[in-house]
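Visitor: Now for the letters of each chain:
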Amino acid sequence: MHKNVNIDVHHITRVEGHGNIVVNVTNGKIEKLQWQVPEAPRFFEAMVRGRSYEDIQTIVSRICGICSITHSLAATKAVENALGLQVTEQADKLRILMHYSEQIQSHTLHVGYLAAPDFLGAPSVVPLVARAGDVVKTVVRVHRIANEWSDLLAGRTTHPVTLRPGGLTRIPSEKQLKELQKTLKSAIPDLKAIADVVLSVAGNIPNFERDTEYVSLKQADPPTYTFYHGGITSNDHKGKPLPIDKWHEVTNEYVTEQSTAKWAKWHRDAYAVGALARFNNNAELLSPMGKNAAKMFGLKSGCCNPYMNTVAQLVECFHVVERSIELIDELLKKGLKDEKVTSTVKAGRGSGCVEAPRGILFHEYEFDKKGNCVAADICIPTNQNHANIQKDFEKLLPEILDQSESDIRLKLEMLVRSYDPCISCSTHYLDVQFVK
Amino acid sequence: MTVKSKKDVIVVGIGNVLMSDEGIGVHIARRLTETKERYPQVDFLDAGAAGLSLLHLIANRKKAIIIDCTKMGEEPGTMRRFGLDDIKSIKTLSGLSLHEADISRIVTLAKFLGQLPKEVVFFGIEPESLDPGQNLSKTLSDKIDSYITEICKELS
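Protein chains in written order, with my numbering: chain Z, 1 to 436; chain V, 437 to 592.
Simulated from the structure, these hints should not be mistaken for lab results.
Where is the CB? At the ideal position from N, CA and C, for every residue including glycine.
Be a bit skeptical, because a hint or two may be false.
[Claimed, not checked] Only part of the chain V face toward chain Z is listed, based on derived beta-carbon distances under 8 Å:
| # | residue |
| --- | --- |
| 1 | T469 |
| 2 | T471 |
| 3 | K507 |
| 4 | M508 |
| 5 | K524 |
| 6 | S525 |
| 7 | K527 |
| 8 | A537 |
| 9 | T575 |
| 10 | D578 |
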């Protein structure tokens with residue numbers, strides 16, 4: 001066994017910190033083991049105060065470049081709940097279709113760009129091109145389809161512009177939906193190719209388990225593997241899912257010394273959100289292709305290996321594509337209608353919840369009688385996962401302490417990557433030195 | 437699926453408009469969009485915090501002009517034009533999350549995939565403030581017209 005291990009994956013920027021992994025082992029004794037994270041998007045809550053209910057979804061869409069549709073949808077639903085606005089069945093289905101596009105965008109990026117280099121033994125996706133160029137090109141192709149899909153429904157690839165409280169300002173034509181459906185069908189062989197590659201290296205997924213609470217949406221009527229409607233549930237929760245406006249009873253955010261970001265706990269001292277949580281709570285509701293993909297990897301409900309979150313994402317890709325093909329059929333069968341978006345203003349408070357690719361997301365707003373925001377509260381999935389990552393670390397490290405320092409570091413990093421925390425997405429600046 | 441027709445040249449503004457000068461690329465792209473009638477062969481795009489989606493935006497073009505907030509060690513407000521080979525990235529990334537974006541590495545990936553436009557030009561603007569806020573610093577705000585004049589020379 002190693003007597004001393006010192007790992008410090010530490011980054012400090014002028015704007016905000018990143019996630020830090022700190023390990024100090026002396027004479028075989030773990031003296032320090034911390035997942036350290038800074039607070040991320042809380043200041044966005046201050047930015048929406050004083051703004052009209054019509055502007056909220058546009059502002060919050062800029063919080064994150066990966067989950068911009070998700071943030072906009074959560075905000076729009078919260079505004080609609082606060083103001084008592086209803087949306088039509090058509091708008092609801094088109095929003096779900098829009099939301100699905102972001103799941104595929106994010107999941108393919110996660111599987112292909114973040115996890116694949118680990119599985120295939122490359123330091124990052126760029127050198128992976130030389131070693132497995134076909135795989136990277138397949139991932140890029142699926143990601144490109146998802147981007148165009150977002151563009152069609154959301155009006156832009158990133159930061160949607162078609163969402164308004166009460167509906168959608170623009171809808172695709174039936175011809176465009178048919179073309180999208182055709183494209184999605186043509187993407188299935190690429191998804192299968194990606195799954196085959198991941199399966200071929202699945203032996204590199206660490207065999208680690210820790211029983212924890214998994215929290216996600218759950219929809220009973222009609223029973224659906226949901227990303228959008230339903231209430232809050234977990235494997236520890238008894239009875240009907242909690243209504244969305246009770247989300248504070250789930251997150252129970254608290255402050256710890258090692259992190260400026262708040263942590264969350266419900267029935268235990270930590271819980272997990274994300275694809276694996278959704279899978280564990282809804283596996284029986286997957287589409288046939290989603291079920292087949294799960295079977296292929298031996299993924300079963302009750303899985304408590306956090307590294308399998310990546311596989312759960314892959315399973316969801318199949319489900320989302322198959323469900324989207326059906327959803328387009330349902331929309332075309334009814335025929336698309338132009339619908340006016342109308343809204344009336346009143347004072348109120350409302351919550352909105354959707355499943356972001358990396359887990360359940362809550363937005364809550366309060367408006368005065370003129371429809372101006374007076375209070376905002378956002379709880380992102382990453383904050384809900386922080387405590388769970390720390391608890392994973394605490395079980396994992398003693399189990400791998402006999403391995404080399406570089407292997408320990410890799411397994412800890414892979415663990416964090418499997419959650420893909422949103423820890424620094426608010427800045428995209430270049431930082432360069434001139435060489436010429 | 438019908439892909440929007442792509443023009444030969446794309447001007448992409450990158451950044452987060454909720455982080456003051458971080459959003460300079462987007463502010464410039466929005467202003468440049470107002471001139472689109474003068475440049476029929478150019479797509480102007482506010483890509484926001486798009487990150488890896490940049491790969492798709494620049495693919496199959498002859499030329500891409502990327503405007504981004506850039507720490508270069510210059511005076512705040514300084515704009516420099518450079519190519520991928522003129523720089524090396526010193527941005528610290530944890531490698532733990534997709535949410536970190538280093539645009540120069542994304543462009544490098546496009547190069548490795550053989551999807552890089554023949555010409556890629558960066559305009560980097562040294563920030564004064566990266567604090568939360570929806571307004572540019574006065575230093576950058578005062579210079580935005582001169583940035584636009586300079587970038588438009590690239591289009592003629």
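Visitor: If a hint holds in the structure, say so; if it does not, say that too.
Guide: Here's how the hints hold up against the structure:
The criterion of a C-beta within 8 Å of any C-beta in chain Z is not met by T469 (chain V), whose closest approach is roughly 13 Å, and the hint is violated. Hint status for T471 (chain V) relative to chain Z: violated, with the closest Cβ pair at about 20 Å, above 8 Å. The beta carbon of K507 (chain V) comes within 4 Å of a beta carbon in chain Z, closer than 8 Å, and the hint placing it at the interface holds. Here the hint on M508 (chain V) is kept, as its CB sits about 6 Å from the closest CB of chain Z, short of 8 Å.
Contact between K524 (chain V) and chain Z, as hinted, is supported at the beta carbon level, the nearest pair being about 5 Å apart and thus within 8 Å. About 6 Å separates the beta-carbon of S525 (chain V) from the nearest beta-carbon of chain Z, less than 8 Å, and the hint is met. The restraint placing K527 (chain V) at the interface with chain Z holds, with a minimum CB-CB distance near 4 Å, inside the 8 Å limit. Satisfaction of the interface hint for A537 (chain V) is found here, the shortest Cβ-Cβ separation to chain Z being roughly 4 Å, below the 8 Å cut-off.
With a least beta-carbon distance of about 16 Å to chain Z, the hint placing T575 (chain V) at the interface is violated under the 8 Å criterion. The closest approach between the C-beta of D578 (chain V) and any C-beta of chain Z is roughly 20 Å, which is over the 8 Å cut-off, so the hint fails.
Hints 1, 2, 9 and 10, counting from the list given before, are not met by this structure.
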